[in-house]
Amino acid sequence: MRSLLLQIAATIKINLKSLPQRFWLSLSTVVAVGLVVVVLLSFLAMANGFRQAVKGSGSEDIAIVLRGGSRSELNSTISRDQIRLIEEAPGVARNAEGKPLVSAELYLVVDGLKRATGTKANLPLRGIGPMGAALRKSITLAQGRMFEPGSNEIVVGKGLLAEYRGFELGSTVKFGTTRWTVVGVFEAGGSVFESEIWADLPVVQSLFNRTNFFQTVRARLTGPQAIAALKRYNDEDPRLKLDVKTENEYFADQSSNTTDLIQKLGWPLAIAMAFGALAGALNTMYSSVAARTVEIATLRAIGFGAFPAFVGTLVESLVLSALGGVLGAGATFVFFHGLTASTLGESFTQVVFSFTLTPALALQGIVLALVVGLVGGLFPAIRAARLPIVAGLQG
Amino acid sequence: MTDVSLIARNLFRKKLRAALMIVSIMTAFLIFGVLVAFEHAFNAGEDLAAADRLMVVNKINFTQPLPYAYYERVKAVEGVRQVSHANWFGGYYQEPKNFLIVLAVEPESYLKIYDRELDVPDDARRAFLSERTGALVGEALAQDKGWKVGDRLPVSSTIYSQKNGGHVWEMTVVGIAKPAKPHIDSNFIVFHYDYFNETRSFGKDMIGWLVLTTTSPAVNDKVAKTVDAMFANSTAETATDTEKAFNKAFAAQFGNIALIVKLVVGAAFVTILMIVGNTMAMAVRERVREIAVLKTLGFPPARILRLILGESLLLALLGGLPGIGLAALAVAALREKLLNFIPGMVMTPDIAVLAVVLMLGLGLVTGIIPAFSAMRLNIASALGRS
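Keeping their order, the protein sequence lines are chains H and W.
Residue 1 is where the first sequence starts when you use the numbering used here, and the numbers rise one by one after that.
Residue 1 is where the second sequence starts when you use the numbering used here, and the numbers rise one by one after that.
Each hint should be verified, as a subset may be incorrect.
[Claimed, not checked] Sample of chain W residues facing chain H (criterion: CB under 10 Å; computed from the structure):
#1 Lys14
#2 Ile22
#3 Lys59
#4 Asn61
#5 Phe62
#6 Glu95
#7 Phe99
#8 Ser161
#9 Ala268
#10 Val270
#11 Thr271
#12 Ala281
[Unchecked claim] Simulated crosslink set (SDA-like; lysine to any residue; CA at most 25 Å straight-line):
#13 Lys178(W) to Asp151(W)
#14 Lys204(W) to Phe348(H)
#15 Lys114(H) to Gly255(W)
#16 Lys174(H) to Ala236(W)
#17 Lys241(H) to Lys97(W)
#18 Lys14(W) to Ile382(H)
#19 Lys55(H) to Phe254(W)
#20 Lys248(W) to Ser354(H)
#21 Lys225(W) to Thr178(H)
No lab work stands behind these hints, which were simulated from the structure alone.
Yeah, the Cβ is synthetic: ideal placement off N, Cα and C, and Gly gets one too.
Produce the complete structure using the sequences and hints provided.
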């Protein structure tokens, strides 16, 4: 047993030490595997970044109420009577003065110019009431102040400011014929709210000809379990029949399509590329076995077993692919991690997010690399083990 | 033995190696074909836009409505040939997840404006114009759902409600609109604006956008400026642009798809350049003595060059042509699945021609250095090697 282990250790050492002799071919395998991993991980980091931004926006103790079947805030409409009924609903929390913690909101789309391309993009303008900001978790003002009720003032999210032109603190923004002043920039923990513009609800209603028009209602629940009571109340009242969800549920729905799509593009592409890299790895390893025919036969002649020859070749292949995997993950981290991007979300407005590579994702990339290395080394290793000794010695 | 058979023999002397190279090239061209077809379909709106068609939308954003009165006023602008209008309905069938592209339009002018894109039989056209609750369904959607002329469709809206509080509009399929070219999207339903406008509970007499054709693309700018000036300082200012610019800006909202496609295809090609280039160099190194013998036999250097380059070109074509063939099959299979996301994904002759150019390029790049070194080979020293 000990001699077998020593033999294996020796063949592995020989294999790895002979790598520089096949430098370019081995390098091409490393790079090929590395590129497969970069493609996979950049898509996964994109999907993950988008999901974190959207899914992370919701709270489990905030209920969001939409018109039945509307699916997104942009489509929904809610009447004033319905808002009143929700304010009186069970499960809705109240503040010290006994006022319900409810925010009826308007969600409109306005144009902004993307800094990178100068092209128009759909940005969300949200009209919120006095409770609006308090109904979102971790909202902090990074610059300036909140808008004054009744004025043409807006506050913008940090992500929106970074990606779109003309929203700097103090600047004037025109939506159609209306003029607005940016008085504050807020942070919201990287959530979708950071891609939004907020203004006072009655001002937005009047300047956009939407008097008495509301689209969604947010309500703070007395606790996460209170959603059931609110849902039951909604189902039982024929005047409501609205879609009631926790914000968590709502944003999970909103993120799933885009996240799925990015992942469904990334995996097949990476797998297709992995086949190309596999062909390269097999070629490299067969060449390695061919180049070391005399060497392997010599080892066998002096008493080395077939198994150490097999392991030596397999380990060489695994080492090359692992190197490719690690380099690929590293390159993805350096070039893509933290990269800010934006795309059109389910609400038909831009969602700003940043590519997020996690250790768990990097591991998926390295596993794919090792699969390529395992399959790419297996067959050449079998050939190395079965090499006829006498013929091999003749070269 | 002719040069061609000599090239083929050389390539396949190590069958396994040749097969592996072919597989690796094939996957690169499969990826190339599918992704480029995807990108073309994604940007089809821009490529297919008619040069004389303009979009008039609300200046705040195209989701904001315009007053119906603009329709009549734009009609009177000099240089405008036809005008129509449309309104996004936010349609779905039975369940909100069965999303449908449904537009409420002014039927007669809408069909005239999209005359070159949509092939609507005369009887269907007549039925659509006369039937108030009639709907014209695009061929792709009709095939996908199995809808036929005469079917009654309950189409729901995620946005609008009827005056009675319901969200469902009853429509009758009166015709199927066929796309005039394969790239054209036919995954839609259009129905009467009048029916929609009279029954909805809010937004009455507002429209989504106007689409117009000009008498000639040369007057596009002038017409756009005149229209926008006409509504300047009103409550609904307009932004008028060519259909092409509008579609391009809209596609750009999803992100830089072209860049992503370029990066992935680039990665796939770098991979095969390295693998195939190294393998060709190795193959020639193994054959140094043979090449020296050919030279001794009197093969001119140019012929040696041709033999090696021929081999790398043959390899590129043997991998690339099946690769692009597979891509065509994959695109045909994906076409149905991606109908709602990017309609009209097809493998066009342009993509195939570009692929062949890339194959020739790949063959030349991977073969040129080994071919030159073979051509310049010193017979005496090569034969001296063991």
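Given the hinted pair Lys241(H) and Lys97(W), is their alpha-carbon gap at most 25 Å?
18 Å, holds
With the threshold set at 25 Å, check whether the alpha-carbon distance from Lys225(W) to Thr178(H) stays at or below it.
Measuring from Cα to Cα gives roughly 21 Å; hence the hint holds.
Take the C-alpha atoms of Lys114(H) and Gly255(W), compute the straight-line distance between them, and say whether it is at most 25 Å.
11 Å, holds
Hinted pair Lys248(W) and Ser354(H), Cα distance within 25 Å
24 Å, holds
Holds or violated: Lys174(H) and Ala236(W), Cα atoms, limit 25 Å.
13 Å, holds
For the pair supplied as a hint, Lys55(H) and Phe254(W), is the alpha-carbon distance within the 25 Å limit?
Distance ~19 Å between Lys55(H) and Phe254(W) Cα, so the pair holds.
Using Cβ atoms only, decide whether Glu95(W) comes closer than 10 Å to chain H, and label the hint accordingly.
Holds, because the Cβ-Cβ distance from Glu95(W) to chain H comes to roughly 9 Å (cut-off 10 Å).
Interface hint check: Ser161(W), Cβ to nearest Cβ on chain H, cutoff 10 Å. Holds or violated?
Status holds, d = 7 Å.
Minimum Cβ distance from Ala281(W) to chain H below 10 Å?
With Cβ-Cβ at 8 Å, under 10 Å, it holds.
Given Ile22(W) was flagged as interface, is its beta-carbon under 10 Å from a beta-carbon of chain H?
8 Å, holds
Does the closest beta carbon of chain H sit nearer than 10 Å to the beta carbon of Asn61(W)?
4 Å, holds
The hint names Phe99(W) as touching chain H; please verify it with the least Cβ-Cβ distance against 10 Å.
9 Å, holds
The structure is consistent with each of the numbered hints, conforming to all of them.
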